[in-house]
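Mind assembling these two chains? They're in different frames, but the hints should get you there.
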Amino acid sequence: MKSAPFVMHQAHSQSNILDLLDQYGEDARVIAGGQTLVPVLAMRVASPDHLIDINQVKELKNFGITGDSLQVGAGVRQSELEHWSELRKTQPLLSMMFPWIAHTPIRNRGTVCGSIAHADPSAELVLGLAVLEGSVTLASKKKKRVVQAKDFFLGALQTSRQSNEFIEAVQFPIRGPHAGFGFAEYGYRHGDFAVVAVAVIKEDDAWTIGFGGIDDVVRIYKCTAISLDQVKQFIDELAAETEVREDPTATSGLRRHLMRTLGARACQQAMEFKSD
Amino acid sequence: MSAYPITPPIANGINTSAAYGFALDACGIEIDPATCAAKIDQYITVHDAGRILNPALADGQIYGAYAQAVGAALFEEFVYSSDGNFLSGTFADYRLPTASDVGVPKIYHQESPSPFTPLGAKGIGEGNSMSTPVCIANAIADALDLENIVLPVTPSRIHALLVEKGALKLDKPSSQVSSMTTNTDYPLKAKGEVKLEVLPEDIFAVLMDPERLKNVIPGCESIHKKFIANGIRYDCIAVVRIGIAKARFAAQVDLTKVQSPDSFVLGGEGRGPLGMALGMGQVSLKKEGTTTILIYDYQAQVSGKLAAIGSRLLEGAIRLVLDQLFRALAKEAGAKYEGLFKSLITKLFVLLGMAK
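Chains A and B, in that order, are what the protein sequence lines are.
According to the working numbering, the first sequence is numbered sequentially starting from 1.
According to the working numbering, the second sequence is numbered sequentially starting from 1.
Next comes chain B alone, as it looks inside the complex (with noise of 0.2 Å):
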């Protein structure tokens, strides 16, 4: 710099700093095949901070830096679902570096003093978050020869890559896709068909009768049917629990375009303190003999808190609670239970891909 200009020199530019910190960083990342995890092996920096007037102050705000950026790097991640939740809102989601994974970063000090501070002082403030960052994703292209490098540099990310380079197996996707990752109004679809063995006049029965419909819907304290526009409408308030955690829900359950005894639309909200569900899908009942046929085809959204807690065991509550309303939707209609039971559960993971 041959003079600090004092007004700023070009569209839009601002100089920000009379006297600017330089840093160079390198470091050697070790990339388990095995795990698909990238693990810091060596890590070097160097800052020309001027003249230190304070050593201690000067490395504190090093190490402080670089530990956020091990983590910007390869473990903190904002994730939001198609819907706009927050779904990394706990620790357990959103993960920290621990000091284990951070390990400690060598420090060299190149001492050029400023001719624009009275004492030859720079700065030094966060300069490895960003410098770091870069440098870890440097080296990780550098070790897969590649490069774009999306940050955090998760194992899930380093594992797609290695498929597209051909180094790993490209396996067969999941059909055991989470709503949380898939990007649709209603993420959660589920369709198929189980065998009741009742006629479907008898399940009709129940789903127009209010009384019965409380035995079926899974902790159902109330419920009440009204008369809307094209079917009916059924306030209740249930209690739903997934594990450990109990929420009262008010829903809203529609059954409209009602074609007894053959089909009809289901629609529905619930609201509690844990958050908000919805869902619409279409049942039809098929008559086989003195069985039923039921085939449906639904789609449903969480969101809130339910959503943003514990993403992982999700949506194998939500198909539980699901399990739970088949079941006693059967035995109410007056289906034979024994053996049903189990069967009906088998087929209805088959359905939603859960089991074969």
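Bound-form chain A, shown alone (with noise of 0.2 Å):
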């Protein structure tokens, strides 16, 4: 199938982004990398009358450390964070999540606020945001705003992004130097949705888990354990207690299992990690 008819526009600027979200509003859809926008123009599951095309902006394709998060503009592709040479010392995280994330070409034309922007629950960027605690810059005609990625995602496809608003950047909270990171996945086939995600920060005691795949929204789980016992304990009953989907790809019997296994070897990860 082919896409029905739109305006493309060529942003110059980020004022001129803002004001054409802010006269076409719902009717319009930002372009950046076109990973997933594109194949559903083509399915027509999509139909805006108006696409603004973001990758003239040159100040949007900045990243960087600003304070004490790891800042990405709306215009950086994926495949620029995943070689950025800093990227596995400041967000150790991030560098382990990136090998799983579609394939080689989706990440060079994918951006990272784009992935952010669709919402997909098993996607791992937003597992990423969402666990490291990270925020959304939403800017409009009339004011700019950070939201928090828990105030942000709201369910599947999602967000609290108001239809003149656009995703200026993202920002990834940067962990202490004695923090440690552990990451793992199960898709059917590589560079599929995940199954089951899992994501996990430790600081001494402190564990946060996030789980990707298992509901229409991130889970983000939080305990203290003094040993990978006592964590392992925690994820099990998780496991057991927490309503996850059940659907054609996967039986929630599955994903709960998934959650223990994957979680224990997150943990373990996370549990050994070294700081470069």
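None of these hints come from the bench; they were simulated from the model.
Note that the structure is a prediction, hence the values are computed from the model and not measured.
Certain hints may be false.
What the hints assert, rightly or not - Looking from chain A toward chain B, a few residues come up when the C-beta cut is under 8 Å (computed):
id, residue
1, VAL40
2, HIS118
3, PRO173
4, ILE174
5, HIS178
6, ARG189
7, PRO248
8, LEU254
9, THR261
Don't be surprised by glycine CBs; every beta carbon is placed ideally from N, CA and C.
Dropping the structure here:
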């Protein structure tokens, strides 16, 4: 199939993007890498009247450390961040996740902010932003606001972005030098959506464990544990008690099982983690 | 074969070939206890195709048929909902194996020329699409010590088999079961109650007034009221948004058996380019001081392209649309909005079994 007709706007500056969004709102979609948008346009699942291409806006292509966060602009490709020499040092969790995000050609075009905007509960970057307790900077013609990840992701593909707002950047907070990180995922084939993905951050006895793929949003749990056995016990009970999805992709039983096995694997990784 | 029969020998039997090829397969399968996934470690396939006329083409037939067979044995499946909708209609849901999933089988040839063909050739086309699924199923049956294996042997199936054997923990079933996997006419069911800080009369006032109802239905563009046999019918056009998707639906909503201000039956159907939705339910309003307890019990089904695309995400999206509806109803009826908003969502989610 071919996409329904639309008007393409080549934005030349951020203020131009905000003007266009203010004017067209719900009828417009921002396009950066187009790795989700183009297929759904072709299937006519989405048929916006206006597309706003932000690829020519140079100021959006920046990323770097701002305060105590890694800030990534709307135009930054996933592979640019993946191959950044400082990534492993500043954001070890993201560097563990990148090889699991789709495939190389998709990461070469797809943007970090685009993945956050799409808010797929199985997406690695969505899990990363949620478990690191990061935030999203939303700009509109009238104001700018910073929304915490937990308030940004409302449900499957649903975010608190208003139709006139533009995701200018996302912020991934940098953890202290003693933090340990772990990540494990299972998908049926390489590059598939995660059936279950687990991200773990350990700071002394405090553990933050995030699960993607089990529900409409990423689920984050915290516990205090002094040993690997204790944290495994916590995950075991979590897997038994939490509501998880059951759908044609996977049974709830398999998802609970993966929470336990992948959870244990990611926790072990976080325990043995050595920073560069 | 002593001589080849020219006429069909037995009842319903037809001898389709003068010279049959033979194949023998053996494989080593590894089942990862952590993920319940089966992986092919080694695959050996031996063919007797008589005299091989073109070795490259013969091997090509084997590689091709083998790849198809691995797909059939471990990945590919046509999934239909109970109402007949095709659910694995995209390559995200209908999984084909990739090169790294298929691997390379070891091929051996045993050439025993046929006495019935001029060059001694037999057949070799697509032999592995028959032998390989059986071989993989047998290996898995052996590994798990079971007799019956249903193909494709997906991790969900292996997990279920391991639970049945007592090798893995039996967890409580999920209450968040997708409508795609249940077997009823109206697969999506929701039942529960919400507390609204307005009187039942206020809610009824909204339900009877198309102008005010327009503010309640998410994305409502137009609405017309008319009287039908035992109630009211609203014809409306609404734009439904589910994440990136947006579609205009023409919906017909019937309010029947209206017993103001206590209860009514809410039925409806919506049609749009992305599919069709049908729903039916009973709504009762119970007065409690200055508040109303809204009790609902409804069933719905979704079909068409909407149901076939991204089955993984559809359910959650429907819940969000319903959530919008309740929020808007409370607001329009004049409920104190601040604070209620959050508790309403939380409660709704609890009722739908999504949170606790």
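The hints, checked one at a time:
1. Against a cut-off of 8 Å between C-beta atoms, the interface hint on VAL40(A) holds, since the closest Cβ of chain B lies about 5 Å away.
2. Because the closest C-beta pair between HIS118(A) and chain B is about 7 Å apart, less than 8 Å, the hint holds.
3. The restraint placing PRO173(A) at the interface with chain B is violated, with a minimum CB-CB distance near 25 Å, outside the 8 Å limit.
4. With a least beta-carbon distance of about 30 Å to chain B, the hint placing ILE174(A) at the interface is violated under the 8 Å criterion.
5. Given hint, HIS178(A) at the interface with chain B, is violated; its Cβ is 28 Å from that chain's nearest Cβ, farther than 8 Å.
6. With a least beta-carbon distance of about 5 Å to chain B, the hint placing ARG189(A) at the interface is held under the 8 Å criterion.
7. Annotation: PRO248(A) was flagged as interfacial toward chain B, and the flag holds, the nearest CB pair being 5 Å apart, inside 8 Å.
8. For LEU254(A), the interface hint holds, since its Cβ comes within 8 Å of a Cβ in chain B; the closest pair sits about 4 Å apart.
9. Below 8 Å, beta-carbon pairs count as interface contacts, and THR261(A) has one with chain B at about 4 Å; its hint therefore holds.
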